[in-house]
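Chemist: Please work from the sequences and hints to get the whole structure.
Residue 44 in the UniProt record's numbering sits at position 44 of the sequence shown, and the numbers go up by one each step.
Some clues are possibly wrong.
Stated by the list, open to error - In the DMTMM-like style, the derived pairs of lysine to aspartate or glutamate whose C-alpha atoms are separated by at most 20 Å in a straight line are:
1. Lys110 to Glu142
2. Lys109 to Glu60
3. Lys71 to Asp106
4. Lys71 to Asp45
5. Lys71 to Glu101
6. Lys59 to Asp106
7. Lys52 to Glu101
To be verified - Simulated restraints on C-beta separations:
8. Val126 to Thr147: 19 to 27 Å
9. Ser78 to Gln122: 20 to 28 Å
10. Arg121 to Cys76: 39 to 47 Å
11. Val126 to Leu83: 22 to 30 Å
12. Thr77 to Pro130: 40 to 48 Å
Hints were generated in silico from the structure; no laboratory data involved.
None of the values given here were measured: they were computed from a predicted structure.
A virtual CB, placed ideally from N, CA and C, is assigned to each residue, including glycine.
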Amino acid sequence: MRNKTQQAHSSCYLRRSGTNRHQRVRAGTYHQLFHLEQLISGKEDTSNNFTKGHYIVNKEIVNFCFDHVCKPANNCTSLQAFLVFNTGSGTGSNLSSLLLERLSVDYGKKSKLDFTIYPSRQIWTVVVEPYNSVLSSHSLFEHINVTVLFGQ
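Modeler: In structure tokens:
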């Protein structure tokens, strides 16, 4: 009898207010790469402020995201790890930090691998991006087993 390898896939994508990124993901060229029923859209913007997102705005939506991640994970017979992809400077950094904290509490022994893109000085869109990156790094070091950092 063959061993069955089970893969669970979940995506949390937080839409920033005033943009149509969520719609572009759903209708764009690469929409087939995503499980569209797993895409999550939020309404409030963090204004590129890590602290505001981490302690105020995303405290509400992280539970919703966590539930979407847990559903497929709980259906796995032998869950091995979580893969987390994020950007280390804006909304993605503070939401990812909160989600990693929850994963560490509820799935403490499971491996967590992170792939983070950090901004460079040449492409910063907001002056606080480096500060947000440093603040989000604390969660990476605290809750991740392996981190792969990409700089632009």
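Chemist: Which numbered hints turn out to be false for this structure?
Modeler: 2, 4 and 9
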